[in-house]
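Quick mapping for you: the protein sequence lines, in order, are chains U and C. Numbered per numbering that gives the first Met the number 0, the first sequence finishes at 280, counting up by one with no gaps. Numbered per numbering that gives the first Met the number 0, the second sequence finishes at 280, counting up by one with no gaps.
A hint or two may mislead.
Since the list can't tell identical chains apart, any single copy or any two copies may satisfy a pair.
[Unchecked claim] Below, a list of computed lysine to aspartate or glutamate pairs in the EDC-like style, where the Cα atoms sit at most 20 Å apart:
id, residue 1, residue 2
1, Lys189, Glu218
2, Lys196, Asp239
3, Lys59, Asp73
4, Lys187, Asp151
5, Lys153, Glu192
6, Lys146, Asp178
7, Lys189, Asp178
8, Lys28, Glu16
9, Lys189, Asp151
10, Lys189, Glu71
11, Lys146, Glu16
12, Lys47, Asp85
13, Lys59, Asp84
Treat the hints as calculated values from the structure; they're not laboratory data.
Each chain, letter by letter, is given below.
2 protein chains.
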Amino acid sequence: MNNIINGTEIAKIIKDEIKKNIEDLQGKKPCLAVVIVGDDYASHVYVKNKNKACEYVGIKSDTYFLDTNITEQDLLTLIEKLNNDDNVNGILVQLPLPNHINEKNILLKINPLKDVDGFHPYNIGMLSTNNSMLKSCTPAGCIELLKRYNVDIKGKNALVIGRSNIVGKPLSMMLLNEDATVTTAHTKTKNLEYLTKQADIIIVAIGVANFLKPHMIKEGAILIDVGMNRDNDKLCGDIDFSCSQKASLITPVPGGVGPMTITMLMKNCLIAYKIQNNMNV
Amino acid sequence: MNNIINGTEIAKIIKDEIKKNIEDLQGKKPCLAVVIVGDDYASHVYVKNKNKACEYVGIKSDTYFLDTNITEQDLLTLIEKLNNDDNVNGILVQLPLPNHINEKNILLKINPLKDVDGFHPYNIGMLSTNNSMLKSCTPAGCIELLKRYNVDIKGKNALVIGRSNIVGKPLSMMLLNEDATVTTAHTKTKNLEYLTKQADIIIVAIGVANFLKPHMIKEGAILIDVGMNRDNDKLCGDIDFSCSQKASLITPVPGGVGPMTITMLMKNCLIAYKIQNNMNV
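Same shape as in the complex, but just chain U:
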């Protein structure tokens, strides 16, 4: 049995769905504004990949390369301009920002209806009350993988390891919205192995290479790996891949959750476009 979730394949299927959907807009194109400050190498790679995905699905992408010395006020002014520009449907500020800029102030400034990263407190609150339109991309990608592999989440014991604002916490809320019984564990958790052994679904997002080991899980568990680490120069996740011997489903790294993040960003751009044009989402 092939129990390895093919994130690359699912991402391609969803991107093709989005592409088809955008073609149906009859010449109109959603537009994503990407703001990148300074010359962090990884950020530039991410932005290049985002632009490539935009091109594939038919989203117009405007990238603003800003000098690392830009003031917070000038950056806020740019966001205000993008907020007010009817031709811009999504705004994404690439993190991290230089230290002299308060990230929180910047993210709060983005119009929640254009917040395609789903990081604005308004969108997080809407997610919590299960009214969300724009969901954080990585957690939304995890849920989408489960659904595309026909995992019945309802009533399952789901364990989320990690409680970051951009992955662990929104994931816990999304799983709760899908009717899972959700436990959120973290560095202060005292009996983690006890919890991992009970869980039907485990999602790990802590950034520790090969953290979850086969002896910690039960036979048939479903494992989603959000980690992306380097172990002796080899890419690996937070889950020791030998867990695949016991798991009923597992995401590999790379090729699991990774390709889903940008794909869900594309989906959010389309959703934002539709909301702003009073179309059914």
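Guided by the hints, dock chain C onto chain U, whose structure is given.
Quick look at chain C alone, frame taken from chain U:
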């Protein structure tokens, strides 16, 4: 050993702290606007109790009694007026509203900085990212009770039974912010008794009389009861009070969480006043 949490006493202590704090404002008073539509009996009792608490701590209270036939637009217009009135620090719309009014539209209209109920998605999002100023009153009251009884929440296994937007979900987030390992259970949970037996702290908010029984808990558990039900005309909570034989701490009903809700509302009014006047909170 007296293991019964005295919510009435704690509420009185906190109200006196708020009162002292307001006296220190040297003649200035926070102002709470309460909006009540129609003549629901319970709502009128609540509003009367709120007004009494306001008077006690020194908060000015303006109550708007509106006809049950008011249009949604007229109610939105009133909220807009209160949003823009610098003399109003907190706005509370008493729920439920008549069926012809969309509750969500009304709650979204309230300026988040004046949202003393903590129900606006913005405030829920801020809570999720642990940046909250205005927290939902009932869950905040539960946490406050634990703290005033010197419960060390960090690393504890906390189980929240119930996932309502106004109690269960924000409570889960608050407990996570306090470093508990948090499990949220609900009607779709399959193995509840298994979970209750493991939990160090159990908070029940489901509205089912005497639901949690002694055989379901472990010796020494800490039990917080958000329920308020009638059982043969007698007030009771969601926790069978005979659990007090096994629990290390337990809230009674009445006199446990109940008195904390309005108290935390008073606290939110003071916090809202301070935010709006650029004072340290």
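Taking the hints in turn, this is what the structure says about them:
Only between protomers do Lys189 and Glu218 lie at most 20 Å apart by alpha-carbon distance; the minimum there is 19 Å, versus 23 Å within a single protomer. In this assembly of identical chains, Lys196 and Asp239 lie within 20 Å of each other by CA distance solely inside one copy; the values are 15 Å within and 31 Å between copies. Taking the shortest Cα distances, Lys59 and Asp73 never come within 20 Å of each other, neither inside one copy (24 Å) nor across copies (41 Å). When the C-alpha separation of Lys187 and Asp151 is checked against a cutoff of 20 Å, the pair qualifies only between copies, where the shortest distance is 12 Å, while the shortest distance within a copy is 30 Å.
In this assembly of identical chains, Lys153 and Glu192 lie within 20 Å of each other by CA distance solely across copies; the values are 18 Å between and 23 Å within a copy. With identical chains, the CA atoms of Lys146 and Asp178 are at most 20 Å apart within one copy only, with a shortest distance of 13 Å there and 30 Å across copies. Taking CA atoms no more than 20 Å apart as the test, Lys189 paired with Asp178 passes between copies only; the shortest distance there is 11 Å, against 25 Å inside one copy. For a Cα distance limit of 20 Å, the shortest separation of Lys28 from Glu16 inside one copy, 15 Å, qualifies, whereas the shortest one across copies, 57 Å, does not.
Only between protomers do Lys189 and Asp151 lie at most 20 Å apart by alpha-carbon distance; the minimum there is 14 Å, versus 29 Å within a single protomer. Proximity of Lys189 to Glu71 under the C-alpha cut-off of 20 Å is found in neither arrangement, the shortest distances being 41 Å within a copy and 50 Å between copies. Taking CA atoms no more than 20 Å apart as the test, Lys146 paired with Glu16 passes inside one copy only; the shortest distance there is 16 Å, against 51 Å between copies. Taking identical chains as interchangeable, the C-alpha atoms of Lys47 and Asp85 are never at most 20 Å apart, the minima being 24 Å within one chain and 47 Å between chains.
Within a single copy, Lys59 and Asp84 get their C-alpha atoms as close as 14 Å, which meets the 20 Å cut-off; across copies the closest is 42 Å, which misses it.
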